Amino acid sequence: MSHRLRRHLRHLIAYANITLKEQTAFTGWFWSDLLGQVVLMLLFSAFWQAVYQGRESLGGLSAQQTLAYVLVVNTVGLVVRWSLIWEFGVMIRDGSIAVELLRPVDFQLRMYAKMTTTMLFTMGQQMLLLGLVAVLVLGLRLPADPLVWLSFLLSLLVGNAILFFFDWTLSLVAFYSTEVRGLMIFRDGIASFFSGFLIPPAIMPDWLQRVAAFLPFGQVLNSPAMILTGIVPLSEVPRILGVQLLWLVGLVLISRPAFRVAIRHVTVQGG
Amino acid sequence: MMRYVRLYGAFLAQHFKVLMEHRLNFLIATLSTLFWQGTGILAVWIVLDQVPDLNGWSKQEIFLIYGLSTMALGLAGIFGVNLLYIGQGYVRTGRFDLLLIRPVNPLFHLLADRFGQEGIGNFLAGALLVAYGVGSLGLKLGPLEWGYLVAVALAGGALYLALDLVTAVAAFWMVVATPLTLAVNHFTQIAAYPLDIYKKPLRVVMTWLIPYSLVSHYPAQLLLGRPAGLMPYALFPAAALLCFLAYRFWLYGLGRYTSTGS
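Protein sequence lines, in the order shown, are assigned to chains A and B. So for the first sequence, numbering that gives the first Met the number 0 puts the first residue at 0; every next one is plus one. So for the second sequence, numbering that gives the first Met the number 0 puts the first residue at 0; every next one is plus one.
Calculated directly from the structure, the hints in this document are not laboratory data. No experiment lies behind these values; they were computed from the predicted model shown. Beta carbons: idealized from backbone N, C-alpha and C, even for Gly. Each hint should be verified, as a subset may be incorrect.
As the list claims (entries may be wrong) - Some chain A residues near chain B, calculated using beta-carbon distances under 10 Å:
id, residue
1, G35
2, F185
3, I189
4, P204
What the hints assert, rightly or not - Facing chain B, from chain A, some residues (calculated, C-beta under 8 Å):
id, residue
5, S31
6, F192
7, I198
Kindly generate the complete structure, drawing on both the sequences and the hints.
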């Protein structure tokens, strides 16, 4: 292993460690988030049960499939709700971006370590608890095939990375506008919609499905959820992962040069 | 009372001066919440377009309920957004002491200290949905019904605000209580749909414990001419009682407040 790679790896682990410590400090947020997710789950499951009353299928999905999809998407849905954009806004406002850029660590790598560890940590806890509620209270049935689980986790991880690099590129707007709250709400709305968090894309009208195909959000939640719920068979997994990887590579290639251009415009507001 | 109305006007004037300095940001904040609500509404719309009804509620009727709840949420957001920041923004930093030494009611000062511009988007989305519901259902509303609708929006906003206050007061003990406020706030989403699509325990909670549905489901029943007994009017005493209790609780919390200031 080259010296450079080893150094990168060491930084990655160190930042993952710091994030873990930060996360455990905020247990209040954790439980509130969890309750919020449970409430949403109750709402969605009641809503879909009412929708399917006296109906066999909707958009080609059975009641069982849609319900499983909705529960899975809700359990892992935190992935789309987090946003790097806020972090960028804070760093620009309080001036810490200047310090970040001076560090002898790749800034993007550091942020990726931070965001992904946060996701894995919170989801590790939250997903387990939410999954438990979904299985015990709401009757979610999960697959037993370890291969399905492996594909799901892989797809989820790649999906998270896709969103990270998308957010990274979008966050660069903050270097020009300094306003991030509105941008974040826009991004949350559009991502919730097209990722499948609100409704399965299969139920959307054709034209919206076509729009969804041009956006990365479906790769983040819809793809892993389709795998875990068995709506798509295992034989489809290589194709799904392939598409995800294409998205990932494309967004990585865009995000880095875009950052180099945008960073010249940063105006730190205070600190 | 008049003094506080005038004072709020003065605070508001200051906020608007700031907002007008950043006009584009103000526009973005309003439009973004409107857009955010829009995506949620579009999702529901797409589903309801494909099914004739939801437990006997048509799309238009559901949007009336959705709108009533969203309007109240918007109002509470416009006037009460600072309740979310009491812990981080005031107690932890010691700025809360400042509110205590000024010659105005500290709760009033806290509320007036921040104007929830994002609430405007929610309020507008809610009002549009109510208008859509009333219009598309061809409801003939007389002056009495319109008056009732306005009263529901205002009392609904007050009820939402009172519940936010109850949870925000916990900041006097926990320092940061925002998660608690948000946690209870999550239930507003349940109130956006007809109560009878839920199982009984949730219906009881939403009517008696965290009574957000008094703002949406029951008033909609009255407007739609569905039998509901006196429940469509329960919102008013409930809002008054909750405001009273929340304020007492606030005073109790205030008595326990110890400055962290530095």
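Against the structure, the hints come out as follows:
| no. | hint | result |
| --- | --- | --- |
| 1 | G35 | holds, 4 Å |
| 2 | F185 | holds, 5 Å |
| 3 | I189 | holds, 7 Å |
| 4 | P204 | holds, 7 Å |
| 5 | S31 | holds, 3 Å |
| 6 | F192 | holds, 4 Å |
| 7 | I198 | holds, 5 Å |
Violated hints are absent here; each numbered hint is respected by the structure.
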